[in-house]
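Student: Each chain, written out:
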Amino acid sequence: MKKTLLALLAAGTALSLPTATPVLAQQDTAEACFVYVGSRTDGGWSQAHDMARMEVEEHFGDAVTTTFVENVAEATSEGTIERLARSGCDIVFTTSFGFMDPTLAVAERFPDVKFEHATGYKTADNMSAYNSRFYEGRFIQGQIAASISETGTAGYIASFPIPEVVQGINAFLLGAQSIDPEFSVRVVWVNSWYDPGAEADAARVLMDQGVDVITQHTDSTAPMQEAASRGIKAFGQALDQIEAGPETQLTAIIDSWGPYYIRRLEAVLDGTWESENIWDGLESGILTMAPYTNMPDDVAALAAETEEAIKAGDLVVFSGPINRQDGTEWLAEGDVADDETLLGMNFYVEGVDDQLPE
Amino acid sequence: MELALAVLVTIVTAATPLLLAATGELVVERSGVLNLGVEGMMVMGAVGGFLAAYLSGNPFLGMLAGVLFGMGMALLFGFLSLTLATNQYATGLALTIIGLGLASLIGEPFVGRAGIRPPHLDIPGLSDIPFVGPLLFGRDPFFYISLALVAGVVWFLFYTKPGLTLRAVGDNHQSAHALGIKVLRYRYLAVLFGGACAGLAGAQLSLVYTPQWSENMTAGRGWIALALVVFASWRPMRVLVGAYLFGAVSIGQLHAQALGIPIPSQALTALPYAATIVVLVIISQNRRLTMINTPASLGKSFVPDR
Chain S
1 MKKTLLALLA AGTALSLPTA TPVLAQQDTA EACFVYVGSR TDGGWSQAHD MARMEVEEHF
61 GDAVTTTFVE NVAEATSEGT IERLARSGCD IVFTTSFGFM DPTLAVAERF PDVKFEHATG
121 YKTADNMSAY NSRFYEGRFI QGQIAASISE TGTAGYIASF PIPEVVQGIN AFLLGAQSID
181 PEFSVRVVWV NSWYDPGAEA DAARVLMDQG VDVITQHTDS TAPMQEAASR GIKAFGQALD
241 QIEAGPETQL TAIIDSWGPY YIRRLEAVLD GTWESENIWD GLESGILTMA PYTNMPDDVA
301 ALAAETEEAI KAGDLVVFSG PINRQDGTEW LAEGDVADDE TLLGMNFYVE GVDDQLPE
Chain X
359 MELALAVLVT IVTAATPLLL AATGELVVER SGVLNLGVEG MMVMGAVGGF LAAYLSGNPF
419 LGMLAGVLFG MGMALLFGFL SLTLATNQYA TGLALTIIGL GLASLIGEPF VGRAGIRPPH
479 LDIPGLSDIP FVGPLLFGRD PFFYISLALV AGVVWFLFYT KPGLTLRAVG DNHQSAHALG
539 IKVLRYRYLA VLFGGACAGL AGAQLSLVYT PQWSENMTAG RGWIALALVV FASWRPMRVL
599 VGAYLFGAVS IGQLHAQALG IPIPSQALTA LPYAATIVVL VIISQNRRLT MINTPASLGK
659 SFVPDR
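Chains S and X, in that order, are what the protein sequence lines are.
So for the first sequence, the numbering used here puts the first residue at 1; every next one is plus one.
So for the second sequence, the numbering used here puts the first residue at 359; every next one is plus one.
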């Protein structure tokens, strides 16, 4: 009844005042739906989102019900997103870069449903974008890698050449070269977010070629396990993966989406939800670093110091002078990269020993 | 030298599951049955193998369980497509879907646990020979089984009477039936053999390739095995060539990337598929031979008239 009244009121207001701000529609319950690109038990990216979903359930109790669909292929995700929108979800969180255009397409067809897309850059009146500055963590990883590596080369297992992954590679290298200017990174693209076999192959190949630190931007724990079997150090991805490599993991970038999801659902319940474009870093807690383990104390101290400096804003990862891969100037001394450039980053910085796939 | 050895070892590991599953499927198809459920049987073998090894601490029990899980799935396929004479294509696809779902369900509590690797062979003397020793005499059991399997299948299909009978069943089940051959019995045995091989291939994935259980960890390898059988025109030795070629190119392209060779990575990722198809098509150019080797009754249901 209350809902109907509000709707009538809203309709009336909209008629009389076409330019009025959206009417705040409070609601008692909400249904939040989540779309995962991988399995919710992948030990990485999708599991991190699912853990956040469970935090939401715990926080709101009966007020918020959640639904999820896992293993959704990016190419065919539009149907899944549309089905969720149709089935009564108040808000749909789509949690992979490749869901961006499908989410936007569905958002245009369902103006009454709210959408939130992770790690992209497109928004609409009823579609937010939210992201985490993972590259801040990658910079710290680069510093650690350069501090402990004996061969001066790290291996980087990459998924797809999208801006987020390119940012990560660049930040890792900048971090490493802040310690050892000669440090190099070997990049292998597996063209998949999740294929334990291919990720393990990539790790083996990189170790065969002499890298002694492995980092990854793919979602399984297979590279960590391979590194462990050869006594080489590695970084965890998306979750604390210390269980997969108790003597291997140096640290991990932990995604903690829970507080963000809770904040957004509060906004849905209050009727204060608005389309936003959020890109938070270490300082906000949307990403945290796992304990610095399996490294000398001075390296751990350095990493912690860098983390604090980034949080305090004293250290900005993409600040000049930085050259592009071909040696031309990108950022002059004192310049700081703007978010727009970073979100569309499709070039390497100087020193990356790889050709970026077009 | 050390790098070359490391590269070869990685190639062997990558090729073995394909070789195991494709050899099994080859026997199935030679009997006239097309089982598109290789991926499903493989993933069940992976979860079964992992669970048994993890719970018992014995990797050999894991291998056995992989075989049994694969055979269990094959039995289901056999009951539907042979006894009930359902459409083999649809039944095989359903088997893949069931296998992927069921394996995820069974394996869920065990995701992320570290698996148990079977020991590598170690023959004092032989395994110590530089280069050749570690490559040939220091591998995991799956490697030796896969090679023995190919040899065994060649011998069985082309040098034994039951092998000849099996091929006859695959070429013309009506004539075979008229000669008094138990068509369905042969097909059941072939399907079960195929399941055992696919299950073993799955166990290789969860015990050797990446010793862990993770959902959908077969990642399409069952489909590659199926394609290998066709492109090898149902010849076991060509399956062997195809599997190793696929493994070699897929590992080789990773090395090319890590060395920074400037070829787009998407093209490199597609290379194993393209190269394998091209090579197998070239070596199968003799169309008469290919026709002789193609099981003429492939995919057709058989209902005995009593």
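Rather than coming from a laboratory, the hints here were simulated on the basis of the structure.
Please note that the accuracy of each hint is not assured.
Sample of chain S residues with no beta-carbon within 12 angstroms of chain X, all distances over it, derived [unchecked claim]:
| hint | residue |
| --- | --- |
| 1 | E57 |
| 2 | N71 |
| 3 | Y194 |
| 4 | M207 |
| 5 | D208 |
| 6 | A267 |
| 7 | D297 |
| 8 | T341 |
If you want the footprint, here are the derived chain S segments under chain X, 3+ residues with CB under 8 angstroms [said to hold, decoys possible]:
| hint | region |
| --- | --- |
| 9 | 84-95 |
| 10 | 166-179 |
| 11 | 184-193 |
Model, not experiment: these values are computed from the prediction.
Cβ atoms here follow ideal geometry from the backbone N, Cα and C, with glycine treated the same way.
Student: Each of the hints needs a verdict: does it hold here or not?
Tutor: Each hint, compared with the structure:
| no. | hint | verdict |
| --- | --- | --- |
| 1 | E57 | holds, 18 angstroms |
| 2 | N71 | violated, 7 angstroms |
| 3 | Y194 | violated, 8 angstroms |
| 4 | M207 | violated, 8 angstroms |
| 5 | D208 | violated, 4 angstroms |
| 6 | A267 | holds, 33 angstroms |
| 7 | D297 | holds, 28 angstroms |
| 8 | T341 | holds, 23 angstroms |
| 9 | 84-95 | violated (count 0) |
| 10 | 166-179 | violated (count 0) |
| 11 | 184-193 | holds (count 7) |
Consistency note: the structure conflicts with the earlier hints numbered 2, 3, 4, 5, 9, 10.
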